[in-house]
Amino acid sequence: MSEAQVDNGVNVEALLDARKALTAAPEAAQFKWRAACEWKNGTHSHSTVESFFGLGEEQHRSTKFNFDADHPEVFASEDLGATPVEYVLVGLASCLTAGVAAVAQHRKIQLRSVTATIEGGMDIQGILGIDSDVRNGFDGIKVSYKIDADASPQDIDALVAQSQKRSAVYDIVTNPTNVTVEVN
Amino acid sequence: MSRCLAERSIDHVLLERGEVANSWRTERWDSLRLLTPNWQSRLPGYGYQGDDPDGYRTMPEVIDFIGQYARVISAPVRTSTTVTSVRNADKGYLVATDQGDWRCRTVVLATGACNVPQVPAVADAVPAGIDMFTPMEYRNPAQIADGGVLVVGASATGTQIADEIHRAGRPVTLAVGEHIRAPRVYRGRDLEWWMDAAGVLDERYDEVEDITRARRVPSLQLAGSRGRATLDLNALTAMGVRLVGRLAGISNGKAQFSGSLRNQCALSDLKMNRLLDAIDEWATENGLDGEIEPAQRHEPTKVEDSPPLGLDLIGEGIRTIIWATGFRPDYSWVEVPVLDRKGQLRHDGGVVESPGMYVMGLQFLRRRKSALIDGAGDDARDLSAHLASYLDG
Chain D
1 MSEAQVDNGV NVEALLDARK ALTAAPEAAQ FKWRAACEWK NGTHSHSTVE SFFGLGEEQH
61 RSTKFNFDAD HPEVFASEDL GATPVEYVLV GLASCLTAGV AAVAQHRKIQ LRSVTATIEG
121 GMDIQGILGI DSDVRNGFDG IKVSYKIDAD ASPQDIDALV AQSQKRSAVY DIVTNPTNVT
181 VEVN
Chain Y
1 MSRCLAERSI DHVLLERGEV ANSWRTERWD SLRLLTPNWQ SRLPGYGYQG DDPDGYRTMP
61 EVIDFIGQYA RVISAPVRTS TTVTSVRNAD KGYLVATDQG DWRCRTVVLA TGACNVPQVP
121 AVADAVPAGI DMFTPMEYRN PAQIADGGVL VVGASATGTQ IADEIHRAGR PVTLAVGEHI
181 RAPRVYRGRD LEWWMDAAGV LDERYDEVED ITRARRVPSL QLAGSRGRAT LDLNALTAMG
241 VRLVGRLAGI SNGKAQFSGS LRNQCALSDL KMNRLLDAID EWATENGLDG EIEPAQRHEP
301 TKVEDSPPLG LDLIGEGIRT IIWATGFRPD YSWVEVPVLD RKGQLRHDGG VVESPGMYVM
361 GLQFLRRRKS ALIDGAGDDA RDLSAHLASY LDG
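For the protein sequence lines, the chains are D and Y, in the order given.
Per the numbering used here: the first sequence = residues 1 to 184.
Per the numbering used here: the second sequence = residues 1 to 393.
Quick caveat, the hints were computed from the structure, so don't treat them as lab data.
Computed from a predicted structure; not experimentally measured.
Glycine included, C-beta positions come from ideal geometry on N, C-alpha and C.
A couple of the hints might just be wrong.
Said to hold, decoys possible - A partial selection of chain D residues facing chain Y, derived with a Cβ cut-off under 8 Å: (1) A25; (2) T174; (3) P176.
Unchecked claim - Pairs of lysine-lysine residues, derived as DSS-like cross-links and limited to a Cα-Cα distance of at most 30 Å, are as follows: (4) Y:K342 x Y:K271; (5) Y:K342 x Y:K302; (6) D:K108 x Y:K91; (7) Y:K302 x D:K142; (8) D:K40 x D:K146; (9) D:K165 x Y:K342; (10) Y:K254 x D:K142; (11) D:K146 x Y:K302; (12) D:K20 x Y:K302; (13) D:K142 x D:K32; (14) D:K20 x Y:K254; (15) D:K32 x Y:K342; (16) D:K142 x D:K20; (17) D:K146 x D:K165; (18) Y:K342 x Y:K91; (19) Y:K254 x D:K146; (20) D:K108 x D:K64; (21) D:K108 x D:K165; (22) D:K146 x Y:K271; (23) D:K108 x D:K146; (24) D:K108 x D:K20; (25) D:K40 x D:K64; (26) D:K165 x Y:K91; (27) D:K40 x D:K20; (28) D:K32 x D:K20; (29) D:K165 x Y:K302; (30) D:K142 x D:K165; (31) D:K142 x Y:K271; (32) Y:K254 x Y:K302.
When you get a sec, could you build the whole thing from the sequences and use the hints?
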């Protein structure tokens, strides 16, 4: 298969150009990602994502993205949206999957299908305050990929490994981050 | 470089802060052996003459080897002469030392890539009562207090020190970030033999896809031991060393480890297998199949199901931390504007941006082998040619 035919819909040239430009002007690489959240009722909240800061200026999208979060009925909630922890899983799976596509394009591997399932284990004795030895968060996360591509199993393993190495959400989930919460 | 300059009858002097082979005399731990086999240290007009070509030099043997070479080539070395600064001067450079100043038209920085141990900022948060050593301070296990040891870093240095300390009865926890696994011997031959024969070590800096990345690749997880044993993470786990993820932080006396250990090991196994695939392919092309041991693949690196993410350092008996987190060159004495914002020299294959200035001995300077003793010869031949034409021009 010739290289020109590989198209995963990722503009690798643009990404490589951006990398080159930002190497020369590292201050433009400073981004701020944002979301706004409003309490509705009970455990239901509504969040929006619109602007961000990057390349030295405010960036606006043409669309405002909306996210409802709630808890399921087994927690006596109304189940009006995914739980916040499920948003974390969505974030990790979509970040790794975008990475698979980008790395595949860069390595000239044509993808036909990529699907992932992701599962996070949690002992809710932590969040319910039953056992202080149990942490609130996941005790582990498992991601399983099914990938159909013009590549050897080893090359596909390497795609998935490299995607983890370059993933922002993977880094956020696997390493500690300082969090400051204030009330204005 | 001195030998190549002498061949071209270019007057020069070598300034050495201590004695010949100073860093090998003063900055290495006692049991260290060279990571490359004896036969592989080939210097212009000089090579190994002993009866153990496949062995690995001890530090006294390395010191002898370099000292012998300096005598054989009559290198004009000024020992006990510390360079304090290099500055631009009329038609060249002014090199200030504690033994007087030198003026020269050209200068070669041959101080190496490993002058200063890189200790991460998180070291500031280590609780009082825990001893810390860099690999330059570490000599042998007798320095290490009884109790647990956290070795941070799993490249060649970290794995060797972890091995030695654990054997000496101080239980080791090894924090593993990016590393490159490599078998010492493959299909009956030293891995360095394969990389040399297949031309991997001769790959040029202007032929690899991403030289910045190639220069950042960590050292192969090799050790030079009498038994030519492979010292990978599986060997360490089998001895009882506990693996944890990259050290991500220390908060209230508790070390936090990244949850990325599984992927770090997967990346490393994949890299090793790609290298072995290339070796097998080369062996087939060169008719070695059938003559030598068959190809084999090693068991994947074993990682426990849920490696610990935290360690209460004092509470769990850690008495010592070893920072095997790499080294960087020291250019604090270079007062010529040739450093980038990360403090690295701006150079093209050893030709520094400032005319008449050269550098040697850095990772992948001109070839993959540039940082090896065996890489100095080819680089010196190239750079001395450039230097000579600069002087003529």
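Here is what the structure says about each hint:
no.: 1; hint: A25; result: violated, 11 Å
no.: 2; hint: T174; result: holds, 4 Å
no.: 3; hint: P176; result: holds, 5 Å
no.: 4; hint: Y:K342 x Y:K271; result: holds, 27 Å
no.: 5; hint: Y:K342 x Y:K302; result: violated, 36 Å
no.: 6; hint: D:K108 x Y:K91; result: violated, 50 Å
no.: 7; hint: Y:K302 x D:K142; result: holds, 17 Å
no.: 8; hint: D:K40 x D:K146; result: violated, 38 Å
no.: 9; hint: D:K165 x Y:K342; result: holds, 22 Å
no.: 10; hint: Y:K254 x D:K142; result: holds, 26 Å
no.: 11; hint: D:K146 x Y:K302; result: holds, 23 Å
no.: 12; hint: D:K20 x Y:K302; result: violated, 38 Å
no.: 13; hint: D:K142 x D:K32; result: holds, 29 Å
no.: 14; hint: D:K20 x Y:K254; result: violated, 39 Å
no.: 15; hint: D:K32 x Y:K342; result: holds, 23 Å
no.: 16; hint: D:K142 x D:K20; result: violated, 34 Å
no.: 17; hint: D:K146 x D:K165; result: holds, 19 Å
no.: 18; hint: Y:K342 x Y:K91; result: holds, 28 Å
no.: 19; hint: Y:K254 x D:K146; result: violated, 38 Å
no.: 20; hint: D:K108 x D:K64; result: violated, 34 Å
no.: 21; hint: D:K108 x D:K165; result: holds, 19 Å
no.: 22; hint: D:K146 x Y:K271; result: holds, 22 Å
no.: 23; hint: D:K108 x D:K146; result: holds, 19 Å
no.: 24; hint: D:K108 x D:K20; result: holds, 20 Å
no.: 25; hint: D:K40 x D:K64; result: holds, 18 Å
no.: 26; hint: D:K165 x Y:K91; result: violated, 48 Å
no.: 27; hint: D:K40 x D:K20; result: violated, 44 Å
no.: 28; hint: D:K32 x D:K20; result: holds, 20 Å
no.: 29; hint: D:K165 x Y:K302; result: holds, 19 Å
no.: 30; hint: D:K142 x D:K165; result: holds, 16 Å
no.: 31; hint: D:K142 x Y:K271; result: holds, 23 Å
no.: 32; hint: Y:K254 x Y:K302; result: holds, 25 Å
Violated hints, listed in ascending order, are 1, 5, 6, 8, 12, 14, 16, 19, 20, 26 and 27; each of the other numbered hints is respected by the structure.
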